[in-house]
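Asker: Below, each chain spelled out in residue letters.
Number of protein chains: 4
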Amino acid sequence: MLIVMNRDATKEQLDAVIRTVELQGYTAHPIPGGDRTSIGVLYNQGAVDDALFRTLPGVKETIAVTKPYKLVSREFHPSDTVIHVGEVVIGGEQLVIIGGPCAVESEEQVMTIAKHVKIAGGDILRGGAFKPRTSPYAFHGLGEEGLKILAKAKAAFGLPIVTEVMDLDCFDMVEDYADIIQIGTRNMQNFSLLRRAGHAGKPILLKRGMSATVDEWLMAAEYIMTEGNPDVILCERGVRTFVKHSRNTLDLSAVPVVRRESHLPIIVDPSHAAGYRDQVMPLARAAAAVSAHGLMIEVHHAPESARCDGGQSLLPDQFEILCRQMRAIFDVSTSTKS
Amino acid sequence: MLIVMNRDATKEQLDAVIRTVELQGYTAHPIPGGDRTSIGVLYNQGAVDDALFRTLPGVKETIAVTKPYKLVSREFHPSDTVIHVGEVVIGGEQLVIIGGPCAVESEEQVMTIAKHVKIAGGDILRGGAFKPRTSPYAFHGLGEEGLKILAKAKAAFGLPIVTEVMDLDCFDMVEDYADIIQIGTRNMQNFSLLRRAGHAGKPILLKRGMSATVDEWLMAAEYIMTEGNPDVILCERGVRTFVKHSRNTLDLSAVPVVRRESHLPIIVDPSHAAGYRDQVMPLARAAAAVSAHGLMIEVHHAPESARCDGGQSLLPDQFEILCRQMRAIFDVSTSTKS
Amino acid sequence: MLIVMNRDATKEQLDAVIRTVELQGYTAHPIPGGDRTSIGVLYNQGAVDDALFRTLPGVKETIAVTKPYKLVSREFHPSDTVIHVGEVVIGGEQLVIIGGPCAVESEEQVMTIAKHVKIAGGDILRGGAFKPRTSPYAFHGLGEEGLKILAKAKAAFGLPIVTEVMDLDCFDMVEDYADIIQIGTRNMQNFSLLRRAGHAGKPILLKRGMSATVDEWLMAAEYIMTEGNPDVILCERGVRTFVKHSRNTLDLSAVPVVRRESHLPIIVDPSHAAGYRDQVMPLARAAAAVSAHGLMIEVHHAPESARCDGGQSLLPDQFEILCRQMRAIFDVSTSTKS
Amino acid sequence: MLIVMNRDATKEQLDAVIRTVELQGYTAHPIPGGDRTSIGVLYNQGAVDDALFRTLPGVKETIAVTKPYKLVSREFHPSDTVIHVGEVVIGGEQLVIIGGPCAVESEEQVMTIAKHVKIAGGDILRGGAFKPRTSPYAFHGLGEEGLKILAKAKAAFGLPIVTEVMDLDCFDMVEDYADIIQIGTRNMQNFSLLRRAGHAGKPILLKRGMSATVDEWLMAAEYIMTEGNPDVILCERGVRTFVKHSRNTLDLSAVPVVRRESHLPIIVDPSHAAGYRDQVMPLARAAAAVSAHGLMIEVHHAPESARCDGGQSLLPDQFEILCRQMRAIFDVSTSTKS
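If you read the protein sequences in the order shown, they are chains A, B, C and D. So for the first sequence, my numbering puts the first residue at 1; every next one is plus one. So for the second sequence, my numbering puts the first residue at 1; every next one is plus one. So for the third sequence, my numbering puts the first residue at 1; every next one is plus one. So for the fourth sequence, my numbering puts the first residue at 1; every next one is plus one.
Note that these hints are calculated values from the structure, not bench results. Being a predicted model, the structure only gives us computed values, none of them experimental. No incorrect hints appear here.
Copies of one chain are not kept apart here, so a pair can be met inside one copy or by any two copies together.
Cut-off 20 Å, straight-line C-alpha distance, at most; resulting in silico cross-link-like pairs (SDA-like, lysine to any residue):
(1) K67 x P57
(2) K148 x G86
(3) K67 x D35
(4) K118 x Q318
(5) K11 x A28
(6) K244 x T134
(7) K202 x M173
(8) K67 x R54
(9) K67 x A28
(10) K60 x R36
(11) K60 x M1
(12) K154 x T112
(13) K67 x M1
(14) K60 x E216
(15) K70 x T134
(16) K60 x P78
(17) K67 x D8
(18) K202 x Y177
(19) K67 x K244
Next up, chain A with everything else stripped away, as it sits in the complex (with noise of 0.2 Å):
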């Protein structure tokens, strides 16, 4: 952290601030710059309250410097996290597609779907057994019943299975069943289950919140590599803004943000971002075209009589139009790079 004092700071209120850094335990190191004097806050673990020093006497204002978190940090691995799923090559040089639908409503309606996204040339089924929905009067899933669906699709398929996981009760659950366990938007910062998580011998899909900054996604992603496991693959999924034409506003710079500041993969969830079917696939052309690992797409055959978000599904043939032209645009994008 840099400290910037007022350009009248005196001696005393000077001191003053460096005492109160040493207090902290950290080591204060003085600035003398063109007409006011900062001070460098060095050796500090985490983030440093600003708001202590900020209201000292003398302190003009506080400046974050080093960022929280290390082990999501690409300064400390430099190399990309590449995570395999069957055989299924998470953060890699290929494109990987998640498909399925909002939640899993019978095994009839898995089956169909699973089969059209196997066909489209999906990677992976997703699919939520465990949904958390604003009113308590929606529909909440199937529960384990959900979970056994899938797991019948992903024999009959082939295709590995990624799904939600609400709290710490179904955690070993959902655990039992995934190939990769989702923690949504709304769990992002709900650090028990984070810290369970990273006792998990699955891959964690950790969706951004829907406000939170990109470093805050980074330390709860911090949060599940402290407790161990490795394998995080964050999801962009858009974020709250002033605008009312989407349900949320899709954040594409975040992909090269993550790819600059972190060696984990970053896929994005367009239907979530989008809300409304007639923009899903532009901005999944998008997502592919910023040279994301990876997205994650709603789809439904039967969409009118979805029990949960069927107006921002896509139907099996624009997703499989849309396939083809995500991995046609990832190439371009991707080849001629460097």
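Start from chain A and add chains B, C and D according to the hints.
Answerer: Only chains B, C and D this time, still in chain A's reference frame:
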């Protein structure tokens, strides 16, 4: 919900929309307009998935009409909910002031601060024993030891206690010690935790999520109420915006909006909204001026050595002045209202 | 507009609302619902002031229904607007690429960059002679001298020119030199400037305001069109959000939304959205992937000595690679669409 | 500015950064740190383009340090600016209350409202003769006729007048009539208008832009001051956020921040922030509670027939009660401060 058709929508398109409405089990009510037809969707339970209709041919847009909540709504429960905690009344004609440290650090610290809170005229003591922190490397609270310290302070000064619950695992323990159980910002949509809170025998203080709309916040309260706990206190604590000069932007307009929409009491936490001590006092006074039912404010006698949020904690002297100012402002604000 | 009444609204309250609607010269159309009555407001011109009704007794809320724009609307003008600028066609089946420096600095600079833009396959040359800058101490452009330099580059390389107009005073001069007149983000709701642009004999490139909704942006275009100029090109350039890792958040969902709502062409400026060179290339590819009609990109052969926005300008080599990538992606994105 | 290098940055990379800093005419000051080196950039005038450095090899990130403004800064001008308008003092120890209609509609309307403002104890009369409106089809004000009506009200009731200037063309005329010239939200970065305001012989009331940071707002004031006009009054009026229940989110923390950063007076407009009458009174009281120097509030005796913003205008009785409340709250808030 209202479905607005294109000006040139055909009879067939209109009929298809009506069929889709009815397929969901709702009633469709066509409304001929000046230059286009709209279709009212009636008898729906909870929110309707607008995306389902918005992508049908001939549909221009869809518009939500009825609010998705019931139990929290003033329409269903016109008179104010008033909550009794010992001798303290929340939701009545008095301003309730909650003060205390961010985190419980030691018995001496809590006893010192509790005494100041009592002297200043505070009604309730706050203090965290389980602390959700953005970084896995930060101080996460003393756990049950912290709860025991709070219990001693309660016994010594007669102040009821509010403290945060972080997850399902520690819920029973927190429920044993707390007079009011706090659910934090990052857990506002932790639905498993909300359901558990609905079975608690204590009032729940539900903080607004960092980017939650008032509707989403009230829906979170609805989760608690549907499980049987009628005593929910809402707490505005600032929302995330582009603004950088404060940690969050305190949304004081939420207070009159919640008072209009709901019968539940609403208090304000200016400490987390501001993030800086010099903003806390003005924002606290502002909260009294919008007729919030109460305030929750961080107080620390030695903020420079606090293990958490020292920079936003008021000194005891500041807190004492502030209590007088807030009560005077609350009286001015409510007395001449009618 | 739709006025939603309380469940327990009285007949008198309903009648009072209807009278207020009629006092404004509109027609009121009551719609009995499941558990409450709503009132449709018909035959209004432009937007209705909802606050007028929302505060009447018995009114629960008010909901806007019809969009306030007409001339820009696809409903009133179903076929795409196609704009011809010399031999360049904007709004057709081709991706139009605009390249050039942020600011005109010297003849040598512009001629060098223009040559690179031409070689890379760019269609139009950009460059600012009048620069709106946040700071009064920053470089504000060369004025007419800058316009003359652009004219030389146009003559030398056959590239039409787009350049920004800052105010009414310099409008005539800019109109003389420019092939397309740009109205910048900060002037999107400078209504006097919009009206003047409506009398210009050249197409207008209208950038989206930093926090403008698509409706407000289209209303700004409506200002230009009502004065008689049908040739408006919309330009998405990112919106302001809580996100800090990029200068703005590029809202790519605006492209399909505008294409649905309006017949006007829409292009994207990834340079100002990103603010950093390493984000510009991925975001530019993403814009081609969402089927924008074109892109406007900053290019500089010596960005480290640029007087404005050097850090977000691409090097000529990068721009050349990017042009190839964008055209390939645009083809993939549009070819299989039907 | 501070340039933070990667942990493994080479000596060559460091030297290249230093050269780039010096090429811009600044001084580079390397600061060895715990695990990485940072480089301070000194003696820069105004803001440094961080993107220029952030993309150099070996650079991790860049961090702005010094504020870009000078004349508006409290560091350069420690004592409060106090502005005298007739007998009214803005920026002193009294709360200044500005009231009046959104738009001037007729002589009878303005005289009626002005009388109410006077009786309620208001200090200044507001009213728009030139109205910037989102829609070209809305009422745009009476122009000079409106200014003449304001002049009559001023003569009759002894209230100074504040009214908005929309563009360069009407500036001279507005300057003739107004006691304070208002620059609206949408013109906060209309730099030509700001420069013209810098030559005006009247104080300027500068509204904050809808998504402006405090820094950008102060830079806009700096534009006015650099041209020679020292009398700038800042006006907070809410910022655009994801929140939908109010028209804008009133950012009251801006008041203590501006009072700390700048010597200029700051007032608050709760009417445009709220957008709804029932939110205006609480937010107005809140503004007094954060010790704003004044308030600007819309008042109308017949809001249901107002041609502009009737729904957010207070009735004369409400305004009178509010004036008493605000003055009492301001006294409570400022008296015990020290």
